[in-house]
Amino acid sequence: MTVHDEELAEGAGHDGHDGYVPSRRRLERERHRRRRARRATAIGAVSTLVTGAVLYLVVVNAPGWPRTKETFFDWGYAREAFPVVLEGLWLNVRLLLVCGAAVLVLGMLIAVARTLRGPVFFPLRFLAAAYTDFFRGLPLIINLMIVVLGVPALRLQGVTVDPVLLGGTALTLTYSAYVAEVFRAGIESVHPSQRAAARSLGLSNRQALRYVVLPQAVRRQVPPLLNDLVSLQKDTGLVSIGGAVDAVRAADIIVGRSLNYTPYIVAGLVFVALTIPMTRFTDWVTARMDRRRAQGGVA
Amino acid sequence: MSGVPVLRMESVRKSFGGAVVLRDVDLEVAPHTVTALIGASGSGKSTLLRCANLLEEIDDGAIWLDGEEITDPRTDQDAVRRRIGVVFQAYNLFPHMTVLKNITLAPRRVHGVSRAEAEARARELLERLGLGGKASEYPDRLSGGQQQRVAIVRALAVRPRLLLLDEITAALDPELVGEVLTVVRGLKDEGMTMVLATHEMGFAREVADQVCFLEDGVVLEHGTARQIFEEPRQERTRRFLRRIVEAGRL
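First to last, the sequence lines map onto chains U and P. Okay, so the first sequence: first residue is 1 according to the working numbering, each after it adds one. Okay, so the second sequence: first residue is 1001 according to the working numbering, each after it adds one.
No lab work stands behind these hints: they were computed from the structure. No residue lacks a Cβ here, since even glycine has one placed at the ideal position from N, Cα and C. Just so you know, not all the hints are guaranteed correct.
Derived, one-sided and incomplete: chain U residues facing chain P with beta-carbon distance under 10 Å [claimed, not checked]: (1) Gly202; (2) Ser204; (3) Leu209; (4) Arg210; (5) Tyr211; (6) Gly268.
Computed footprint of chain U on chain P; a stretch qualifies when at least three of its residues, placed anywhere within it, have a C-beta under 8 Å from a C-beta of chain U [said to hold, decoys possible]: (7) 1086-1092; (8) 1105-1112; (9) 1198-1212.
Not close to chain P: a few residues of chain U, all C-beta gaps over 12 Å, as computed [what the hints assert, rightly or not]: (10) Ile146; (11) Pro215; (12) Asn260.
Based on the sequences and whatever the hints tell you, model everything.
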């Protein structure tokens, strides 16, 4: 709002070169808009301050605050936990990169399998549908426990018992189901006339999918995909249930020894710090795509 | 070759659910001729074109392209479509590709033409249709008339035997219709075989060698443009044309 107003005010000075002088009516309107913007900013600032102050006072004057402060916000433990948590976070980042890539590939394959037509592909279609139904419904934490704790219990030859690999597998299984549905929605949102146009040019079904339908589907689904990746980033913390030392587990170890919860706060903040850039990136991509679409508005 | 019709339809029947859209349709399109399909909306013109291109599967009858039956379930449908160009009412350009990519997609991916060669031909066609500067634009930056001309170039880029035009001016503002029709006139002069569904009666009268009047999925009357527009035999054709004249469209 404010930016818009400023532009207007500036615009009054140099509108083309035709000797245009802004009318008194226009100047009065702009003055009014500026006044209104200033007022809005002032109200916003005051209300933020008041809200902050009230929250602070409520927390600080709570009967249990001194104890809480000691157990959750201890500076000494925070300093001790920070480097260890950061070291653990490296595992979360690696998990995110590997699982993220695997999820995108697997999700795409499942989505494409679900859109295949023809009786030959029935088993594939059925499997893909069953897969998404099952893994979208299964709580991630249960999936993780089954894979991370259940698979090693089988004592299969040649199958890893590494909690990181197994945890990553479980994450990939669940998130592929989510992402497959995102891709499928994208594929179905591409108008059938696009496929008809591609087929009428002689493109085979597969070529039409690859060159015409999928590129449009993926482009449209970038915001929800990034949303799922942000979510995956947080959930990499759950591999700690198998004993892998990620950021959460690193904090856990100190908590277990000291009975002070500050390391959890540190780990939580580190995750938030990692997620914010990704969320901002999502917003930026979405805004850029909207802008592009708005520019191309010539009918 | 010139004796064999480019397109021949015999007793074609097509229904969607319970609604019969085409019944007993016979049609012959000789090489280097233009056939105009006229008739009210919903008379089956578009469906006829979609059947000819195998975008719709017919219920009964048969269709031949260059003497080869294409409705035989053993035909390679992709190979048939490669020989037929289609231009749609809503252009159906690919919005994620530049004009040049739209045009070169089929030559490169379907016909195996090299990129340089495909682009050279695309540019030449664009130039000819007055779109020389638009090669690297995205479709949504173009006017409707320009988009439709790009769609025509896209269909021509694979050197089709037959061009199907499905009400290609119906979505255009009146002042943009002319530029598209000029292109079609040029194609006729070059000898392109075309079948067009149209509401532009004046245009149909001018370019068509053969005019078919469809009503309720039946070819009620067909003949030369002169016959149909000046001496229609069927009362219903006369009635249709009278309504068109009253609407000021002829």
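Hints and how they fare:
The restraint placing U:Gly202 at the interface with chain P holds, with a minimum CB-CB distance near 3 Å, inside the 10 Å limit. With its C-beta approaching chain P no nearer than about 5 Å, U:Ser204 sits inside the 10 Å limit, and its interface hint holds. The criterion of a C-beta within 10 Å of any C-beta in chain P is not met by U:Leu209, whose closest approach is roughly 12 Å, and the hint is violated. Of the supplied interface hints, the one on U:Arg210 holds, with its beta-carbon coming within about 9 Å of a beta-carbon of chain P, less than 10 Å.
With 10 Å as the threshold, the beta carbon of U:Tyr211 comes within range of chain P, its nearest partner Cβ sitting at about 6 Å, so the hint holds. At its closest, the beta carbon of U:Gly268 sits 40 Å from a beta carbon of chain P; the interface hint therefore is violated under the 10 Å criterion. Residues of the region 1086-1092 of chain P with a Cβ under 8 Å from some Cβ of chain U number 4, which satisfies the need for three, so the listed coverage holds. Under the rule that three or more residues need a Cβ within less than 8 Å of chain U, the assignment of the region 1105-1112 of chain P holds, with 5 such residues.
Interface restraint, the region 1198-1212 of chain P with chain U: violated (0 residues with C-beta to C-beta distance below 8 Å; minimum three). No beta-carbon of chain P comes within 12 Å of the beta-carbon of U:Ile146; the shortest separation is about 41 Å. Distance check on U:Pro215: its Cβ comes as close as 5 Å (rounded) to a Cβ of chain P, failing to clear the 12 Å threshold; non-interface status is violated. Chain P leaves U:Asn260 outside its interface by the beta-carbon criterion, the shortest separation being 54 Å against a cut-off of 12 Å.
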